[in-house]
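Just so you know, the protein sequences line up as chains A and S, in that order.
Residues in the first sequence are numbered from -5 upward in steps of one, following this note's numbering.
Residues in the second sequence are numbered from -5 upward in steps of one, following this note's numbering.
I should point out that these hints are in silico values taken from the structure, not numbers from a laboratory.
The beta-carbon is built from N, C-alpha and C at its ideal position, and this holds for glycine as well.
Please note: incorrect hints may appear among the correct ones.
Stated by the list, open to error - Residues of chain S clear of chain A, computed beta-carbon distances all greater than 12 Å:
hint : residue
1    : 9
2    : 55
3    : 78
4    : 143
5    : 177
6    : 229
7    : 305
8    : 312
9    : 388
10   : 427
11   : 502
12   : 560
13   : 624
14   : 627
To be verified - With beta-carbon atoms standing in for the labels, derived distance ranges:
hint : chain 1 : residue 1 : chain 2 : residue 2 : range
15   : S       : 159       : A       : 150       : 21 to 29 Å
16   : S       : 333       : A       : 187       : 30 to 38 Å
17   : A       : 132       : S       : 248       : 13 to 21 Å
18   : A       : 257       : S       : 236       : 39 to 47 Å
19   : S       : 316       : A       : 155       : 45 to 53 Å
20   : A       : 184       : S       : 117       : 47 to 55 Å
21   : A       : 109       : S       : 150       : 42 to 50 Å
22   : A       : 155       : S       : -5        : 51 to 59 Å
23   : S       : 287       : A       : 109       : 51 to 59 Å
To be verified - So the derived list for chain A, only partly shown, Cβ under 10 Å to chain S, looks like this:
hint : residue
24   : 143
25   : 159
26   : 163
27   : 168
28   : 307
29   : 310
30   : 326
31   : 327
32   : 332
33   : 347
34   : 584
35   : 604
Number of protein chains: 2
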Amino acid sequence: MEKKITFLPDKVTIAVDSGENLLTAAAAAGVYIHAFCGGEGVCGKCRVAIREGEAFSERGLLKEEDYTAGIRLACRTSVISDLVVEVPTEVDSAGRPLPRKPKTTRTIAVRTLAEIIGGWGLKPPVRKHFIRLDPPSSADNMPDMQRLLLALTRDSNQGQEPLYDHPELLQELPFILREADWQVTVLLLRGQMEHEPERIIAIEPGDTTDQLFGLAIDLGTTTVSGLLIDLNTGETVAEASTYNGQIAYGEDVIARIIYAQRPDGLRVLRKRAVYTINDIIDSVCRDTLISPADISYIVAAGNTVMSHLLLGINPKFLREAPYVPVCGRFPLTVASSIGIMAHPAVRLFLYPAVASYVGGDIVSGVHACRMHESDKLTLYIDIGTNGEIVVGNREWMLCAACSAGPAFEGGGIRYGMRAVSGAIENFQLHPQTLEPMIITIGQSKARGICGSGLISIVAELLEARVIDRQGKFDRSVSHQRIREGRDGFEYVLVWAEDSLVNEDIVISEVDIENLIRAKGAMYAGYQTLIESVEMSFMDLERIIIAGNFGAYLDLEKAIRIGLLPDLDRNKFFYLGNGSLLGAQISLLDCNRFLQHTEVSSLITNMELSENPRFMDHYVASLFLPHTDLDLFPSAAGGSVE
Amino acid sequence: MEKKITFLPDKVTIAVDSGENLLTAAAAAGVYIHAFCGGEGVCGKCRVAIREGEAFSERGLLKEEDYTAGIRLACRTSVISDLVVEVPTEVDSAGRPLPRKPKTTRTIAVRTLAEIIGGWGLKPPVRKHFIRLDPPSSADNMPDMQRLLLALTRDSNQGQEPLYDHPELLQELPFILREADWQVTVLLLRGQMEHEPERIIAIEPGDTTDQLFGLAIDLGTTTVSGLLIDLNTGETVAEASTYNGQIAYGEDVIARIIYAQRPDGLRVLRKRAVYTINDIIDSVCRDTLISPADISYIVAAGNTVMSHLLLGINPKFLREAPYVPVCGRFPLTVASSIGIMAHPAVRLFLYPAVASYVGGDIVSGVHACRMHESDKLTLYIDIGTNGEIVVGNREWMLCAACSAGPAFEGGGIRYGMRAVSGAIENFQLHPQTLEPMIITIGQSKARGICGSGLISIVAELLEARVIDRQGKFDRSVSHQRIREGRDGFEYVLVWAEDSLVNEDIVISEVDIENLIRAKGAMYAGYQTLIESVEMSFMDLERIIIAGNFGAYLDLEKAIRIGLLPDLDRNKFFYLGNGSLLGAQISLLDCNRFLQHTEVSSLITNMELSENPRFMDHYVASLFLPHTDLDLFPSAAGGSVE
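Next comes chain A alone, as it looks inside the complex:
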């Protein structure tokens, strides 16, 4: 149920879902509320007064008289009805109210994206079938397996006898059948090609049809994320995310390729990838009390280098001209055969790669958002360490990869971290007091900064002119939070006593430089790609943004720093982790799954590194938002005068 919240004194209104947190709602409305504990309720700063309507809130740190008078801590308050909320006015040292105006903000939530993603059926690549067999007798002593196959064939619509191919199945079969009194559940893998029969993957005693799970994996260079999905209901029952264990051997794909050439390097990287996936499996299984053996199918998407490494394929030739992958369509692999902690016969599907630097992750994302079915000219952007860009529609697609570096995933940023609990994901700066409003994922004390937080912080520092368009701090500003640190000037986001890490959490000029280089590579990529098909940004009908940012990306702020082109905001859609979403859809719906081959065959790759214009565009992009302000009319006519 949607509720309307009006923030006074500025009369800013926003519609939110019932139950939404009031601090988050204020941030989404662009309303600044002083807050620096991330939303944990321990700094006691985010005091607001509920003037009308009903909200649920604990008293927390508030005095009883304040609580009775309707004062609440915004971070500890949930919306129940429509509300009118008064936000205290900041005053200057002389006690005069500071001028303020609500910020232009725009978060695009994943959940508004139904029109982009479309629906899906519930027809997973595996199914379970419970069967009661007649026990054998002297008159009917056919072999156990033939008894089972005959019954399965009789029950199936196709009348096709299922296949089976691993001896382990036969080793267990006679005991399972007899212990389960000839009542068993068969796990079947659907045929991968037309006319291909189903394949028996596992046989379990009794009726276990209600236990059918799949795992979707996004195998990123920096972050690996997974969803455990109940294939009976289609629901995600657990999710987990962790750094790729290969990071110790190099931050980007090039470094990994180089490491793989060392003695034993390939084996080490492969093991690290497998261990990382096993960590994800361990985590989602602990959360749900499901055994890893109950995972019946795995769909993974990763860039070409990650996919090669996972299968133990040397990526050497991916970085040598003419940049040839070993494999585009990967074989459907028995997951346990490469060391993944799963039932011995469970299959791992890896999304196909298009080129050395355009991998299964991008195919998966494009597949998820159905670009291959749309007439609209779409720019698809996957923001990550290995940034990927696709432009096109149902008739043609051109794609390119650019190495943005790991900044968007918290890599190379001193207090950078993944988008998990404790990461600053939203940030506002009071334009006069320069005090922060900090919102963390999970509303705990801050531990660090994730990609969306980093974008917010730099955009706000820029808008408040704390930093200039080159990302350097204005040396003339004097503020207790601005100081010279190890990496040049820095702004203290969270004081040590308010942080979870017992250190001041800061953002430094080096961090900002890293972000500028990352966003510059992305932007130069779009420009080069769109120019190469003799089009301009104005021709784009949709811009779909994917990336591993957690739940939200603030569009205005992303445009403000020049990460995204300055176009009609209604053309933008935020997909979240597109790679993971594609994997999830493929796990749920065979019919949609089959279309992935269309996607990969539509995409043509362009090598940016061989395009002389790319470097020019890149250099011009190393400003906030850009050297050429004609490209950013909002910035030129807006807050940056």
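The hints should help you fit chain S onto chain A, whose structure is shown.
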């Protein structure tokens, strides 16, 4: 070229191939020549005179004047032209010639069996394809594997893209392609079902199409035999045979099943089976200087227990009523996954089992001799430790198994051995002198007695009345070779100084008892099976005998001891190792291979152990040849008066 040999003084003639050994020819003709060194030429006893024609012979132990006079050692003489050969007449102590008449003998050579086995094409389950690829360029940088698949699809008639499924292939691929300058040979597995594409098994640098080998294996309870076959020519290039390494854990299938129930018993038996196959591979590869990695497909046939054990499937329920195998049709297994020394993707096909004691070995044999295509009512007998009997024709087949014990393969016989070099395979006894004529496999000094030798020896001892119809020695016969030994009375076949083992090689009453029980079980099996379909022996149009006896089985002698029914000799055919032959044919000809499913679906199993008549028949069979001489008119009216 056939040559005619006439043996004087009895004027017995026989036709043999040019190059045939003269001692072997005499034995085949039923002509007794005193010989006890097995044919090695060191006893100097088998002197004959060449009266007409040409023969090749070394002088050996002969005096020069004898050699010049035309005296030859039969065992060292090869037939070149038609011959007239005079065999010396044995004399009694008074110098009078001993009466003699040629023995009735009939060996049925495998090579006369073309009409039974039929022909086969040369279309193995795997093929090699040499391909020259265009190297990648900036304009064409598709992945290595897609480049290969595209070229293969273009070259193949079907236009179907091959599959591939093991990551190891991709791990090697980029290096092989580049080192081989983009010229490689692809090993492809044919689709197993209609519409199923080929599957890439291996990729090798350069053109290796002339190296394509397959392995046929007969996985017997006692003996494991293998043939290495050149799949380009269809020729057998090496063969090997060894005792099944499981023997240490029990002589027959029942003992093995029991052992498998011990802690770790199943794993031990499985490993032993695998090691035995690896020994065969090692042996055939050494003989031919071929690497085990060049074996591209394996077809094996074994009884149900052996097949289960090889795949690590517990055979527990095979010996518990209602005697249910775990599996009839075994999955096409990756051989290396169960420990077989082969290329990592090579497949092992195991002939399907029909019932707990009617296994893939019998299906393979019936398949080889095309009973499923013949109108003739046929009795198929596989003589071995696990004896198997099939009666029927193209419309129906009934089969049964009877546990004969290992006597036919040399097991449980003091000097028993497999049919390999040094085994006595043919034997005659001079009816007056009671001296032996010994012919061994490989014509070396004797090491022991194989199955066909054992049958010969017992038949000859019976015919000469050295033993009676119960298999007991006639205590009234006084002869230096007959004595009381450890296991009752025994006959010395070879004195220690003439043997390769430096011991007297004997046959004892216990050995004879074991053979009587073995042949009794077989005969009772035929009787029970034929009666169960309300037929009699007289209805049979063909009797096909299979078994691991080496090259020859003497039909007359086998009938004389009651192992085979006493029927028109022209109805008998000897197949040799039928199980191995079927495996060989399946390896060579896909079209014939596919018919194996017809065979297994035609066969209905009958449990002898549940048939009350079987035991009656068995007890009546524990005589030489049988209690009921009406069943053996040759014996009744012939030599045993």
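- Hints breached by this structure: 4, 7, 8, 19, 20 and 34
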